[in-house]
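Trainee: Here the protein sequences line up with chains A and C, keeping their order.
Everything in the first sequence is counted per the working numbering, starting at 1 for the first residue and increasing by one.
Everything in the second sequence is counted per the working numbering, starting at 1 for the first residue and increasing by one.
No wet-lab data here; the hints were simulated from the structure.
C-beta atoms are modelled at their ideal positions from N, C-alpha and C, and glycine is treated no differently.
Careful, some of the hints might be misleading.
A few chain A positions that, by computed beta-carbon distances, are all more than 12 Å from chain C [unchecked claim]:
#1 330
#2 359
#3 415
Derived CB-CB ranges, DEER-like [stated by the list, open to error]:
#4 C:169 x A:18: 41 to 47 Å
#5 C:88 x A:509: 26 to 32 Å
#6 C:88 x A:451: 54 to 60 Å
#7 C:170 x A:135: 24 to 30 Å
#8 A:442 x C:288: 28 to 34 Å
#9 A:107 x C:169: 24 to 30 Å
#10 A:505 x C:88: 33 to 39 Å
#11 C:131 x A:393: 34 to 40 Å
#12 A:414 x C:288: 41 to 47 Å
#13 A:518 x C:170: 32 to 38 Å
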Amino acid sequence: MFTNSRRDVAFPLIGAVTLFALLFGGGLMYQTILGNGSAQRLVTTMLVDAIIVIGIQIYVGNTGILSFGHIGFGAIAGYVFAVFAISPAEKIKRIPMAPFGLTDVEVPPAVAIAIAVVITVLFAVVVGIGLARSGAQSGSVAATVITLALLFVTHEVAKSWPELTGGNRGGISFAIGASLQGRWPIVAALIGALVIARLYGQSRSGRLAVAAREDNLAARAMGVNPLVQQMVALLLSVAVVSVGSALRVWQIGSILPDRFFFAYGMLTLVMLIVGGRNSVTGAVLGVAVMTAARELARRLGQDGFEVFGIGLDGAPLDWIFRENLNSVVLGVAMVAFMIWRPNGILEDWEFDQWLYRRVGRRTETKPGRLPALDVIPDAQFSASGISVSFGGFQALSDAGITAESGEVVGIIGPNGAGKTTFVNVITGMVKPSGGQFSIDGDQLTGRPSFELSRRGLVRTFQNLRLFGALTVRENVETAALVAQEHRGHRTLRDVESLIAEAGLWDHRDRRARELDYGNSRRLELARAAAMAPSFLLLDEPTSGMSDSESIAMIEQVRHMAATVGAGVIVIDHDLGFITGISDRIYVFDQGSVIASGTPTEVQANPRVQAAYLGSAAAR
Amino acid sequence: MEGLLQNVIDGLGRGSIYALLALGVAVVFGIMHMLNFAHGELITIPGYLTYWAFNNGWNWFTVIPLIVVSAVLSSLLIERIAFSRVRGATDFTMLLTSFGVHFIVSAGFLLYVSASVKPIPRPGWFANTLAMGSLNIEIFDLVVIGVTAVVLAGTTWLLQRTMFGLALRAAASDFDTARLMGIKSDSVIRGAFALSGFLAGIAGIFWIMREGQVTPTAGINPMLQGVLAVLIGGLGSLRGAVLGGLVLGLAEVLLRSWLPLSIQNLTTGFVFVLIALLFIFRPGGLLSVPQVERV
Numbered sequence: 001m002f003t004n005s006r007r008d009v010a011f012p013l014i015g016a017v018t019l020f021a022l023l024f025g026g027g028l029m030y031q032t033i034l035g036n037g038s039a040q041r042l043v044t045t046m047l048v049d050a051i052i053v054i055g056i057q058i059y060v061g062n063t064g065i066l067s068f069g070h071i072g073f074g075a076i077a078g079y080v081f082a083v084f085a086i087s088p089a090e091k092i093k094r095i096p097m098a099p100f101g102l103t104d105v106e107v108p109p110a111v112a113i114a115i116a117v118v119i120t121v122l123f124a125v126v127v128g129i130g131l132a133r134s135g136a137q138s139g140s141v142a143a144t145v146i147t148l149a150l151l152f153v154t155h156e157v158a159k160s161w162p163e164l165t166g167g168n169r170g171g172i173s174f175a176i177g178a179s180l181q182g183r184w185p186i187v188a189a190l191i192g193a194l195v196i197a198r199l200y201g202q203s204r205s206g207r208l209a210v211a212a213r214e215d216n217l218a219a220r221a222m223g224v225n226p227l228v229q230q231m232v233a234l235l236l237s238v239a240v241v242s243v244g245s246a247l248r249v250w251q252i253g254s255i256l257p258d259r260f261f262f263a264y265g266m267l268t269l270v271m272l273i274v275g276g277r278n279s280v281t282g283a284v285l286g287v288a289v290m291t292a293a294r295e296l297a298r299r300l301g302q303d304g305f306e307v308f309g310i311g312l313d314g315a316p317l318d319w320i321f322r323e324n325l326n327s328v329v330l331g332v333a334m335v336a337f338m339i340w341r342p343n344g345i346l347e348d349w350e351f352d353q354w355l356y357r358r359v360g361r362r363t364e365t366k367p368g369r370l371p372a373l374d375v376i377p378d379a380q381f382s383a384s385g386i387s388v389s390f391g392g393f394q395a396l397s398d399a400g401i402t403a404e405s406g407e408v409v410g411i412i413g414p415n416g417a418g419k420t421t422f423v424n425v426i427t428g429m430v431k432p433s434g435g436q437f438s439i440d441g442d443q444l445t446g447r448p449s450f451e452l453s454r455r456g457l458v459r460t461f462q463n464l465r466l467f468g469a470l471t472v473r474e475n476v477e478t479a480a481l482v483a484q485e486h487r488g489h490r491t492l493r494d495v496e497s498l499i500a501e502a503g504l505w506d507h508r509d510r511r512a513r514e515l516d517y518g519n520s521r522r523l524e525l526a527r528a529a530a531m532a533p534s535f536l537l538l539d540e541p542t543s544g545m546s547d548s549e550s551i552a553m554i555e556q557v558r559h560m561a562a563t564v565g566a567g568v569i570v571i572d573h574d575l576g577f578i579t580g581i582s583d584r585i586y587v588f589d590q591g592s593v594i595a596s597g598t599p600t601e602v603q604a605n606p607r608v609q610a611a612y613l614g615s616a617a618a619r
Numbered sequence: 001m002e003g004l005l006q007n008v009i010d011g012l013g014r015g016s017i018y019a020l021l022a023l024g025v026a027v028v029f030g031i032m033h034m035l036n037f038a039h040g041e042l043i044t045i046p047g048y049l050t051y052w053a054f055n056n057g058w059n060w061f062t063v064i065p066l067i068v069v070s071a072v073l074s075s076l077l078i079e080r081i082a083f084s085r086v087r088g089a090t091d092f093t094m095l096l097t098s099f100g101v102h103f104i105v106s107a108g109f110l111l112y113v114s115a116s117v118k119p120i121p122r123p124g125w126f127a128n129t130l131a132m133g134s135l136n137i138e139i140f141d142l143v144v145i146g147v148t149a150v151v152l153a154g155t156t157w158l159l160q161r162t163m164f165g166l167a168l169r170a171a172a173s174d175f176d177t178a179r180l181m182g183i184k185s186d187s188v189i190r191g192a193f194a195l196s197g198f199l200a201g202i203a204g205i206f207w208i209m210r211e212g213q214v215t216p217t218a219g220i221n222p223m224l225q226g227v228l229a230v231l232i233g234g235l236g237s238l239r240g241a242v243l244g245g246l247v248l249g250l251a252e253v254l255l256r257s258w259l260p261l262s263i264q265n266l267t268t269g270f271v272f273v274l275i276a277l278l279f280i281f282r283p284g285g286l287l288s289v290p291q292v293e294r295v
């Protein structure tokens with residue numbers, strides 16, 4: 001089982017409510033102790049900021065793409081909300097020339113928020129398509145600039161379209177039919193935001209997005225289309241940010257272009273990264289910490305040490321304690337965290353998952369060994385005439401292999417023989433200039449790699465590509481989630497059995513990046529097996545392993561393949577390993593297949609001896 | 001026809017400044033893979049020094065070297081204090097570090113100078129025009145275009161014909177291998193930041209003259225134009241950065257002249273829409289650099 005309703009629904013709900021209680025409770029205590037209006041306003045502001053920061057976390061945290069654009073979306077939502085919610089009497093004064101007859105419109109605030117969300121999400125769809133076209137992935141620079149440009153466009157339009165927005169000077173300051181009495185809309189929205197963020201984080205889409213964040217290429221090789229998951233994350237995230245932004249406008253009672261621009265973008269980003277952008281707990285912590293730090297800085301800037309009840313005239317630190325100190329604090333916090341703790345205070349620690357591991361895993365028992373499949377589903381892989389040239393260099397010419405389910409086919413050849421290029425072609429990473437390949441006659445040539453793995457051709461990587469921040473279990477689950485949707489006609493092995501099978505049971509809740517080399521290799525194999533592949537493509541599975549480990553690997557590969565009924569295509573340059581594991585072998589040299597047959601046939605072939613073992617062996 | 005020619009010259013003048021900024025961003029990106037969101041501060045800092053210098057009786061002849069030198073020094077200083085500590089970090093970390101630096105500098109001026117606009121006198125010849133037939137060409141545009149051409153030629157020579165240029169290009173194409181070949185990473189990176197600062201300094205002279213003022217957030221626009229120009233031209237290409245700058249300048253001026261008067265103040269918005277369309281149909285920019293995915 002890999003959907004666990006306790007872990008993915010019940011505990012996240014508990015977590016969301018707990019986080020809310022901590023933030024809200026802390027705020028209430030602060031305002032009770034100080035007991036003045038400004039403390040109350042500070043707490044309200046913090047709660048609204050929290051909604052927006054959690055909204056941004058849904059996108060930035062799960063996809064790893066830095067976005068400045070969310071505040072731009074916030075501006076859109078804020079203006080839409082304002083324009084719909086202000087009374088016509090007020091609009092006559094502020095924006096009498098509003099287009100589309102909006103001057104006469106007035107709807108209740110809740111409806112205005114809904115309209116703001118819908119309109120903003122429509123914008124997000126367009127922006128999301130642009131981001132996808134730019135090939136957005138974790139840390140993608142082009143994507144970040146696109147979001148930055150969005151922030152500028154919204155700011156520019158807000159400033160230069162005064163008929164609608166009230167422009168730069170007056171803005172829209174307004175009286176909404178019902179002004180924001182009490183905090184219940186904010187409280188409700190905050191709880192909602194937390195619930196959405198946590199449920200999304202544990203959902204199929206959220207977990208696939210995180211996998212792609214950790215390693216885009218490996219995620220695609222596991223059948224994940226990252227662009228789809230990024231779009232889902234973006235739309236959800238923008239919806240939450242829209243609600244938060246509308247509430248922000250409602251609470252402040254006015255909107256100006258600069259309210260949703262660089263300064264606020266900076267504030268929300270710092271809040272997000274200080275606590276730890278990869279977890280919702282981190283986002284909430286960041287909001288609390290930065291609110292406190294800024295308030296302290298503001299008051300130090302105003303009153304110096306008198307904040308602490310120490311009155312010093314001409315205090316030595318007057319050159320620091322100045323007005324606007326709180327904005328410097330933001331910049332310093334950002335740079336300091338990026339230098340010393342780029343993943344924030346909590347990194348990827350999530351409260352409810354921690355709680356689940358403490359409480360929930362006691363009931364787990366180690367599953368027994370998986371039997372081999374009784375009936376191996378019949379499948380046929382064939383590649384023929386594959387040619388690739390890089391510039392003038394012919395890396396592959398007219399190469400081809402066949403493989404059937406249940407057998408292990410080895411590909412061997414010296415360095416530069418074209419083995420890796422061949423793998424890259426049949427996994428969709430390199431487009432061949434000629435030739436084709438198929439599974440059961442189903443043409444696969446030219447398909448994107450995520451589609452190839454969904455059709456049953458699943459690879460591992462020569463230089464390990466695990467989802468480092470995810471646990472062993474989550475790594476395997478990612479593949480299983482894809483298999484559930486696209487490989488349902490095959491026998492799907494459950495995640496825990498596969499983990500036990502790979503000898504990783506005791507490490508199941510450790511992060512993949514903490515594993516040693518051999519365990520990492522075994523995890524990659526288990527992850528690939530979870531896809532219920534028709535063919536398992538192993539790229540140098542023993543590179544970096546000792547001889548005894550290689551021999552153990554042979555047993556492991558054969559057994560793993562048998563339990564999921566997959567054929568194996570294995571590439572290596574280690575003759576001993578390949579002859580030990582393979583039923584049939586293809587020998588590559590200088591881009592072509594020079595021999596094929598059983599291990600004994602191939603070893604006896606003089607051309608192979610000359611090409612692979614060197615002329616000394618051929619003598 | 002004359003109108004078009006005039007706009008083209010105007011656009012090239014504007015675009016030249018963007019090109020210089022973009023080239024500076026591209027040089028640093030090439031070597032560190034960091035898109036420098038603090039690049040605009042290399043104009044803000046000299047801007048405030050210029051304001052100070054004029055208040056102390058300096059004139060443009062002495063201020064111009066001040067701008068260039070202070071831009072180079074600021075660039076090196078920022079590298080030393082902040083960017084050298086995140087070398088080799090994830091793209092996400094480097095983006096946010098540079099953004100944080102931008103924010104610290106602008107907040108620093110807010111803290112220690114003030115939020116208000118500080119005026120800077122423009123040179124006497126700034127508004128002069130040169131009549132050529134029916135054309136009225138601004139001297140300023142011609143100067144900008146001329147100086148930029150000389151600076152770009154010099155930079156090309158530096159990159160193509162000197163040992164430093166070779167080291168820089170080698171490091172940009174494969175940093176680790178370049179180090180193994182005996183290129184000192186520190187000096188190449190510092191060289192790249194010095195070059196980036198120098199280019200920003202030249203751009204800064206014209207930017208400051210044209211704006212005639214400085215504010216704490218003065219760096220935002222030059223940063224944005226530089227970064228956008230790099231993307232328009234194609235991330236990873238130095239030629240693309242220059243081309244992107246020129247295209248961006250031309251697009252701004254031509255669009256402004258073609259748009260009907262009533263929506264002219266939305267020019268910037270339309271420029272962004274054009275850029276968005278470019279990204280959608282040609283995601284790699286004008287001179288897109290093929291991205292090889294390492295398996």
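Trainee: Hint by hint, say whether it matches the structure.
Mentor: Against the structure, the hints:
no.: 1; hint: 330; result: violated, 6 Å
no.: 2; hint: 359; result: holds, 33 Å
no.: 3; hint: 415; result: holds, 16 Å
no.: 4; hint: C:169 x A:18: 41 to 47 Å; result: violated, 54 Å
no.: 5; hint: C:88 x A:509: 26 to 32 Å; result: holds, 30 Å
no.: 6; hint: C:88 x A:451: 54 to 60 Å; result: violated, 34 Å
no.: 7; hint: C:170 x A:135: 24 to 30 Å; result: holds, 26 Å
no.: 8; hint: A:442 x C:288: 28 to 34 Å; result: holds, 33 Å
no.: 9; hint: A:107 x C:169: 24 to 30 Å; result: violated, 60 Å
no.: 10; hint: A:505 x C:88: 33 to 39 Å; result: holds, 36 Å
no.: 11; hint: C:131 x A:393: 34 to 40 Å; result: violated, 59 Å
no.: 12; hint: A:414 x C:288: 41 to 47 Å; result: violated, 35 Å
no.: 13; hint: A:518 x C:170: 32 to 38 Å; result: holds, 37 Å
Of the numbered hints stated above, those contradicted by the structure are hints 1, 4, 6, 9, 11 and 12, listed in ascending order.
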